[in-house]
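Engineer: Spelled out from the first residue to the last, the chains are:
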Amino acid sequence: MNIYLKELKSHRKSIIFWSIGVFLMVVSGMTKYDAYSTSGQSMTELLEDLPKSLRAVFGFSDFDLTKASGFYGMLFLYLLLMATIHAAMLGATIIAKEERDKTSEFLFVKPVSRNKIITAKLLAAFTNLVIFNLATFVSSIVILGRYSDGEAVNGEIAILMAAMFFMQVLFMVIGSALAAIKKRPKSAASLATGILLLTYILSVVIDLNEDIEGLKYLTPFKYFEAKNVMYGGGFEAVFVILSVVLIVGLSIVTYVFFRRRDLNT
Amino acid sequence: MNVIEINNLTKTYGKARGISDVSFNVEEGEIFGFIGPNGAGKSTTIRTLLSLIYPTSGSATIFGKDCIKDAPEIKKHIGYLPSEVFYYDNMKVKDLLKYSASFYKKDCSQRIKELAEIMDLDLNKKIDDLSLGNKKKVGIVQGLLHSPKLIILDEPTSGLDPLMQQKFFELLEEENKKGATILFSSHILTEVQRLCNRVAIIKEGKIVTVEKISTLKENTYKKFKIETKAPLDPNYFNITGVNKLEVKDNITSFLYRGNINLVMKKIAEMEIVNLWIEEPDLEEIFMHYYEKEA
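If you read the sequences in order, they're chains F and Y. The first sequence finishes on residue 265 if you use the UniProt record's numbering, and the numbering steps up by one all the way, no holes. The second sequence finishes on residue 294 if you use the UniProt record's numbering, and the numbering steps up by one all the way, no holes.
For the record, the hints were derived by calculation from the structure and aren't laboratory data. Built from N, CA and C at the ideal position, the CB exists for glycine as well. Incorrect hints may appear among the rest.
[Stated by the list, open to error] A short, non-exhaustive set of chain Y residues, derived as facing chain F with CB atoms under 7 Å:
{"hint": "1", "residue": "Ile53"}
{"hint": "2", "residue": "Lys75"}
{"hint": "3", "residue": "Pro82"}
{"hint": "4", "residue": "Ser102"}
{"hint": "5", "residue": "Leu163"}
{"hint": "6", "residue": "Lys229"}
{"hint": "7", "residue": "Phe237"}
[To be verified] The calculated lysine-lysine pairs, modelled on DSS-like cross-linking and capped at a C-alpha distance of 27 Å, are:
{"hint": "8", "chain 1": "Y", "residue 1": "Lys248", "chain 2": "F", "residue 2": "Lys9"}
{"hint": "9", "chain 1": "Y", "residue 1": "Lys98", "chain 2": "F", "residue 2": "Lys97"}
{"hint": "10", "chain 1": "Y", "residue 1": "Lys94", "chain 2": "F", "residue 2": "Lys102"}
{"hint": "11", "chain 1": "F", "residue 1": "Lys116", "chain 2": "Y", "residue 2": "Lys248"}
{"hint": "12", "chain 1": "Y", "residue 1": "Lys265", "chain 2": "F", "residue 2": "Lys6"}
{"hint": "13", "chain 1": "Y", "residue 1": "Lys106", "chain 2": "F", "residue 2": "Lys116"}
{"hint": "14", "chain 1": "F", "residue 1": "Lys102", "chain 2": "Y", "residue 2": "Lys76"}
{"hint": "15", "chain 1": "Y", "residue 1": "Lys248", "chain 2": "Y", "residue 2": "Lys225"}
{"hint": "16", "chain 1": "Y", "residue 1": "Lys225", "chain 2": "F", "residue 2": "Lys6"}
{"hint": "17", "chain 1": "Y", "residue 1": "Lys223", "chain 2": "Y", "residue 2": "Lys265"}
{"hint": "18", "chain 1": "Y", "residue 1": "Lys105", "chain 2": "Y", "residue 2": "Lys94"}
{"hint": "19", "chain 1": "Y", "residue 1": "Lys149", "chain 2": "F", "residue 2": "Lys116"}
{"hint": "20", "chain 1": "Y", "residue 1": "Lys167", "chain 2": "F", "residue 2": "Lys13"}
[Said to hold, decoys possible] Computed Cβ-Cβ distance ranges for the label pairs, DEER-style:
{"hint": "21", "chain 1": "F", "residue 1": "Gly249", "chain 2": "Y", "residue 2": "Asp70", "range": "25 to 35 Å"}
{"hint": "22", "chain 1": "Y", "residue 1": "Lys206", "chain 2": "F", "residue 2": "Lys13", "range": "40 to 50 Å"}
{"hint": "23", "chain 1": "Y", "residue 1": "Asn238", "chain 2": "F", "residue 2": "Asn264", "range": "56 to 66 Å"}
{"hint": "24", "chain 1": "F", "residue 1": "Thr119", "chain 2": "Y", "residue 2": "Glu27", "range": "52 to 62 Å"}
The task is simple: from the sequences and hints, build the whole structure.
Structural biologist: Listed below in structure tokens is the structure:
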């Protein structure tokens with residue numbers, strides 16, 4: 001319990017800044033929608049004239065951008081990137097920082113098992129993910145409510161947040177597993193964000209090239225895409241199962257490798 | 001009863017040396033010195049005992065329990081002071097000590113106050129504002145605040161001024177009188193000489209010898225220096241036990257190991273101007289062990 005509280009405290013500032021960041025992201029994104037919707041039909045036509053590849057890269061290929069929910073669906077990709085970057089970095093650093101800051105000779109000499117330390121740290125990281133998710137959820141409901149013009153958007157936001165949460169937890173355990181495995185845990189955070197960007201790019205490439213559709217299982221960014229999840233689409237069972245398996249698997253990897261590792265000074 | 005038992009502990013890190021076949025015991029209530037030059041394997045041994053790293057082979061027990069399997073249980077009664085102290089920078093000293101105390105299921109606040117007073121430590125400062133010496137003091141208080149039964153110190157005096165060193169040693173002696181066993185690793189021999197009952201000497205990852213400090217000194221030579229009126233015939237002291245005889249003008253010096261009466265008779269028969277007989281200090285004994293192996 002003491003380790004959990006200590007970790008919450010030491011990440012307090014960071015989660016506040018991230019929450020403000022995500023709020024500003026929603027605000028600035030939806031302000032653009034405002035300018036956009038008032039310009040009327042011409043903008044949509046202009047976008048439709050853009051080459052498919054460019055639309056895929058920016059993530060607005062499949063949305064009705066004249067609707068607030070459609071515009072939000074596009075914006076969601078950027079929120080998702082923020083959330084997963086936060087999660088991956090948090091998962092890696094919360095494990096690695098004791099060795100990075102050389103405080104391991106303090107913490108790991110205390111009468112607690114390594115498993116308990118990892119549990120406390122992962123729970124603290126998990127709590128931060130929940131806060132991040134709620135901050136995004138609340139910002140989205142409040143801001144989107146002002147532009148929705150009677151359209152029911154809260155349900156769409158809720159399901160997107162659920163999707164985001166799966167992704168957050170997944171990237172958190174990718175980060176923590178890397179920190180537990182790597183000899184030099186300092187580099188775990190950058191490696192985790194590297195993997196994140198790589199899988200993101202892969203998801204864009206898949207969008208551009210239908211022949212490699214089969215690779216979608218390799219990138220979590222294909223698991224819960226806004227365009228599939230929204231408007232009654234919901235989650236696909238195979239991806240939910242895949243995510244849960246990955247999350248459980250990587251959590252086990254974190255515990256097993258960390259329990260065996262020689263701590264650096 | 002042995003508080004620490006180390007059996008053939010070996011740790012290899014790829015190419016780097018680590019330690020090999022380290023075995024020694026530390027008895028309850030003693031202050032045990034662990035000496036060797038930098039990089040000899042002192043910290044590796046200690047970090048293995050604390051299960052910060054795991055041995056390649058061999059085992060160790062503390063309080064009769066396995067130091068890996070029962071680590072959380074054992075650590076309730078261990079106080080550890082690393083050679084370099086690093087703490088969470090954005091914390092106040094007070095908060096760090098409270099955090100440290102929260103791991104032991106007892107009230108340590110009184111002891112924290114006492115220790116801070118003895119070590120002259122300001123509890124309200126932030127840790128990143130502290131000098132190296134003051135950080136070390138935090139480490140000392142942090143290591144002792146739960147009144148551990150076993151205190152493990154890894155080169156504890158670096159960064160402390162002589163006055164604080166003195167206070168710290170007094171504190172350790174007091175803890176020892178109250179029943180704490182102490183494992184004291186150092187490369188500074190005078191401090192080991194002053195505090196410890198027994199020592200293990202480690203070199204290049206291997207234990208060279210484990211001895212009582214008193215035996216270490218008994219078993220070794222004495223240094224003789226004799227001043228005469230005229231240069232002495234180098235063959236005069238040609239008796240067994242004499243080593244490194246040197247005649248420099250009127251000064252003759254040598255090392256002697258054996259029955260002291262034999263030498264004294266020889267000296268009594270001659271006309272001398274002055275005479276010095278010195279106990280070697282630990283440093284010389286230590287060098288002796290090192291040279292022998294080399």
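Engineer: Does each hint hold? Answer for all of them.
Structural biologist: Hint check results:
With 7 Å as the threshold, the beta carbon of Ile53(Y) comes within range of chain F, its nearest partner Cβ sitting at about 4 Å, so the hint holds. Evaluation of the Lys75(Y) hint against chain F yields a held restraint, the C-beta minimum of about 4 Å falling below 7 Å. Proximity of Pro82(Y) to chain F holds as hinted, the smallest CB-CB distance being about 4 Å (cut-off 7 Å). This hint holds: Ser102(Y) has a C-beta 4 Å from the nearest C-beta of chain F, less than the 7 Å allowed.
Using the Cβ-Cβ criterion of 7 Å, the hint placing Leu163(Y) at the interface with chain F is not satisfied: the shortest such distance is roughly 26 Å. With 7 Å as the threshold, the beta carbon of Lys229(Y) stays out of range of chain F, its nearest partner Cβ sitting at about 60 Å, so the hint is violated. Checking Phe237(Y) against chain F by beta carbon gives a least distance of about 51 Å; that is not within 7 Å, so the hint is violated. Taken as a hint, the Lys248(Y) and Lys9(F) pair is broken in the structure, with Cα atoms around 71 Å apart against an allowance of 27 Å.
Straight-line distance between C-alpha atoms of Lys98(Y) and Lys97(F) comes to about 21 Å, which keeps the hinted pair within the 27 Å bound. Using a Cα cut-off of 27 Å, the hinted pair Lys94(Y) and Lys102(F) holds, with the two alpha carbons roughly 20 Å apart. For the hint pairing Lys116(F) with Lys248(Y), the CA-to-CA distance comes to about 69 Å; that exceeds 27 Å, so the pair is violated. Our distance criterion of 27 Å between C-alpha atoms is broken by Lys265(Y) and Lys6(F), whose separation comes to about 73 Å.
For the suggested pair Lys106(Y) and Lys116(F), the alpha carbons sit about 20 Å apart, so the restraint of at most 27 Å is met. Pair hint Lys102(F) plus Lys76(Y) holds up; C-alpha atoms about 21 Å apart against a cutoff of 27 Å. The hinted pair formed by Lys248(Y) and Lys225(Y) meets the criterion: a straight-line CA distance of about 11 Å does not exceed 27 Å. Between Lys225(Y) and Lys6(F) the CA atoms are separated by roughly 64 Å; this puts the pair beyond 27 Å, and the hint is violated.
For the hint linking Lys223(Y) to Lys265(Y), the alpha-carbon distance of about 16 Å falls within 27 Å, and the restraint holds. With a C-alpha separation of about 18 Å, the suggested pairing of Lys105(Y) with Lys94(Y) holds against the 27 Å cut-off. Between Lys149(Y) and Lys116(F) the alpha-carbon distance is near 24 Å, which keeps this suggested pair within the 27 Å criterion. With a C-alpha separation of about 40 Å, the suggested pairing of Lys167(Y) with Lys13(F) is violated against the 27 Å cut-off.
Between Gly249(F) and Asp70(Y) the CB atoms are about 30 Å apart, so this pair conforms to the stated range of 25 to 35 Å. Judged by the Cβ atoms, the range 40 to 50 Å given for Lys206(Y) and Lys13(F) holds: they are separated by roughly 49 Å. A hinted range of 56 to 66 Å for the beta carbons of Asn238(Y) and Asn264(F) is consistent with their spacing of about 57 Å. Checked against the hint of 52 to 62 Å, the pair Thr119(F) and Glu27(Y) fails, with Cβ atoms roughly 37 Å apart.
The structure shown violates the earlier hints numbered 5, 6, 7, 8, 11, 12, 16, 20 and 24.
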